[in-house]
Amino acid sequence: MRPTMIQHLSIRVPWKDNGYTGLVCDKPCYNTACMKLKNIAETKDDSFEDEIAGKPIKGHEAEIPCLSECGCFMSSETYTKIVNHPYKKNNSKLHSHFLETELKFPPYSFVARPFAWTMLERTESNKKITIEQLADEKGIKYDADSEPSLGFHTNWVQEALNQREIFKTFYKNVVPNKSLAIAYAKQVPFIEDAKRVVMGIGFVTSITEPPEYNHTDAGDLRSVLWETMIGHSIRDDRKNGFLLPYKEMMEYANSHPDFDINSIAVLVDDEYFSEFSYATEQVSYDAVINVLLKTIKALRIIKDCISGNWNECIKWCKERLKEVWLERGSYPGLGVMLSAIGFEHGNLLAEEIRDKIGDDISDYENKVYQLLEIPHENLSTERRKDASETKIATFKGLSEERKNLFWLLARISLTKGQAKALFNEEDRKKKRIDCSDKDILENPYFLYEKTRMCSQDIQLSVNKIDMAVFPPNILAYKNPLSKPSLVEDTDDKRRIRALAVNVLEQQTNNGHTVYPKDKLVYEINNLPIEPECQITCDVIDCIKSFLDEELKCIECDDGTDAFQLTRLYKIDSYIREVVGERLSEDRFTVPENWGNLVNETFEKNTTKDEKEEFAREEKVAILKELAASPISVLIGGAGTGKTTLLSILCKSEKIKNGGVLLLAPTGKARVRISKTMAEQNISHSAMTVAQFLIKNDRFDWNTMQYRMSNKVAQNVPATVIIDECSMMTEEMFGATLSALHNASRIIFVGDPNQLPPIGAGRPFVDLVRKLKVNLPVFPNPQVTKGFGELTVTRRQSDDENETREDILLSQCFAENKVKLDDDIFIKLQENKLGKHIVFKQWTTPEELQKQVFETIREETGMKNVDDIEGFDISLGGTINNGWMNFGTSPSKLDSWQILSAYKSNSTIGTASVNRYIHDQYRSTKCTTFSNCKKRSTKHILGTDGIVFGDKVINIRNVKKDGYPNDDKCLNFVANGEVGIVERLWEKPKAKSNTHQIRFSSQPNYSYNWYSLVGEENNDIELAYALTVHKAQGSEFDTVILILSEPSRMISRELLYTALTRQKNKIVILYNDEAYKLKKYLTAEFSDIAQRFTCLFQKPKIVEYNKKFYEDKLIHKTARGELVRSKSEVIIANLLDSANLDYTYEQELKLKDGQIRSPDFTIRKSGKVFYWEHLGMLQNSDYAKKWKVKKQQYAENGIVEGKNLITSRDELDGSIDSQEINQFIKEYIIGD
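Using our numbering, read the sequence shown as starting at 1 and increasing by one per residue.
No lab work stands behind these hints: they were computed from the structure.
Even glycine gets a Cβ: it sits at the ideal position worked out from N, Cα and C.
Each pair of labels, with its calculated beta carbon distance range: (1) Lys172 to Asn126: 25 to 33 Å; (2) Ala628 to Lys127: 47 to 55 Å; (3) Ala476 to Asn254: 42 to 50 Å; (4) Asp541 to Ile1155: 46 to 54 Å; (5) Ser936 to Lys863: 17 to 25 Å; (6) Thr791 to Asn681: 22 to 30 Å; (7) Lys127 to Glu100: 33 to 41 Å; (8) Phe152 to Glu212: 17 to 25 Å.
Given only the sequences and the hints, what does the whole structure look like? Please build it.
Right under this line is the structure:
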């Protein structure tokens, strides 16, 4: 007989900074990753752990919560902890008879607790699952009547007999030395993605059942502990299991800045998320195979980086792969398919069939039919109840095509919901799965292609199809697939297309909407799949017509091919069509004296000078264009007055009377532009883009995706203004345009230098590049058909009409064709850039933490860093009747904000910063200050421990009732809205306790969240520190920006975005000298340039320093350097063709210590020449600064006409190559 099926387990462990051998973390207060676990979040005492940091946990078992969360699973020690029933303290009536109980943690053991199986009900994929349903499905002997009535709400099974039955069933097929235990973490400090991270793999070696709670006979209720101790084979020698060396690879990455640590992180695919949740869970064979393949891929990289017996680990994984494949068999989906056809307990029936068939698995399908032919002889009494004569007859009577589909789907590891949706045509139609039985049979990979845009519970990954189609030979030989489903070749075109679609879908997450053919082939060849799919570009060319249904071939600028998902191709085509049509439509006539409106707006606030005159001139020119064009773009940097200009536009009676709709990607941006309009008494409506698209059938809540629709959008006025457009993905852009079909005038507004969207494309940047091709020569207003750019900043210093230095610093990171002040970073280091910018340098995490507290004190006016009352007031707290209250001034939440590039990084990540700020200024206890008291918090919210008065952020779009629920209430909280906990509602039933939150973007309404500490789906997080991405679209009075090196997250756009969030002041905390930021000025560090798109132009991809860029967004010389402009490319190439030794932007130290970086430093026959290209001499500010710089050069012996060469652009922006050649010959070569 075939042995019992082998069940593998996932077991959650916390991240620890020094391993799992039984030591307290080296820096407990900086380990925020472990705080994602509820038990640790609720009970960890940082101050105590700091006192014993790095010391043994032994002797402190009661005080260190990570012990109970597998924090010591690699320790050779035995630990003992005294525990009692968690309900004894608050429910003495039913639980007073429970006594202290000893819980032992054996050496090298995981603490396993299958939480999902012990819940009375849970929600998964928007479906409620009750314990009764689980018991019925898994065959658990659960007795609901034996569960006690507690008098309060609980979601956990209480009675010992039920608990034992659950654990008995859960561990029934866990076999020592055969079952695998996969350790995973919910969060680690080196990965920003919210994915499960595999930490290690080994065999289960022993199973120690949990003890029953000690008790007296005074009460009837009995209960067992849930901690089953799972011994494992993982050891430091890695002979029979291993941990992945993440800590060592973090150190390697720090010393090798170009190394991408993401490449060795074994991340659990989203489709297996639920199998790596709830602390301990059963893991499907497909999930184990997927993890092992990914682990092998990671180990192949690791072995080339650090020493160790990694080849042995790879061999071990391959051996496990063979075993798991045999355990899986050919039909892992048989049980759910039997359920789909009508058998009530399909999985239990399939398990019984599997045991009956035993080892001889050949001709499996006929053996199943034979067993069901005589159910009373072959099935147990329980299973015979399921196998009615009608059900068996239905199963056997399926048409040949339906039978073939049944057995094809049975080869795939499906869920019940997937099986039902895929097998029944009517269910397929409901789920918008557009394929027939015949289509699926002819191409099994259709199941991936047609479900990938469905809700997540229905999606089938290409890997699952691949495992069904390509099992190991021993399985394929015994139960071969029949035609037409049979895929004989590893490079079958059906497989290639599905894999290519999968690669391109993954690349949309990296921002690409099109992907070069050669890179696509490389990605397919390196997928962690078995068997590998090794192809060439010639193969792709051969099957190009077959690919066309899902992939469109796009010709690149250099004649090579790239590929785009058909769904994105349709969106792009629509965008191009709409933009083209609107640009060619008749223009509007708006009889308005725009000059008068501009003057009325700015007369009182500004002093007229040459710059102000030009500022008004360009505003008038732009207003005329925005008013006249059916589609237009308005761009401008921070402080240029885009929102004010739009309010002037909407003052026009003709525009005002047609109605105005304001849209923005974030709630904060919506509020900001709406507030400006309201101040000008302009009637309008405003909402987030998501709200608008949801109302108009362009956003699907089930799939969380934007989509095109033919449905006519309702209540669309004549003029629609969309702000912060740089945040819009291609899908969002296309969906928005389709919804605005009836709008007369669409205006896209934003700053193309900001971060690109999180998702596919850079449509706003591409639209800007399309429209600005025919711009007039500066200093004429930068206005052309459908386009206007504001160039004069209105954020000026108080004492003189000059651009503020913090704005000048941000402009360094814009896509400049010219170089700004060389010494701005020297001045930054010396804090000589004026009162609006401060620079502080730090070296250690402790020093950074001290600087953060001190900076908050300085910027808020707190008496000292311990002034909690002052801290509260800085967030809008007010004292009323001797109590501190919140929510009356939500706008004060924007008075100061900490920003970081990272979320998870243990030193500068927002999670760490939020945590130590929260620990310093927030408490669950009632607090008394000199002037007032602050209320306690009985029930915290989320694993961040959110209490009364906490500043928080909502991290996903949520439909929720607001209060008061009047006709103006949005009943919707957008991703990114920031608020404060203004009230706590304590109610008789604990489940009803809520945190009441008021958001600064909806100051007249409040929303309630249940006061629960759940580990999954936490919508609300602390917001004292935000990532720069989350802050996009927001403005704050003061920004505290935390930066560190080395960093793979910092980009030119990230710095620009961060440096433009402040209205008044920015404080930069950096762990290096300020001039090190100069490296981010170049396109090498541009996120935008590293995105491949084809919205309005053919892509042209070039390589630089092992990275790939859009050629039109960079300027690359013949020698391979990246420079700022086409003019500099011409100069560099002419120098190179003259065989001259030059260096681009080499630092030059002047006599007074200042640093300059001439565009080119040229050495010839022992002489040194300096070349400066003057690209914007027509700009008065630029010309003034060049005059000063030229004088400095002269004072250091660098004189124009001798060893200083200057060139300049023509009025039309071109450069005279013959003149450049003449300069080279005359000044350098000497001809």
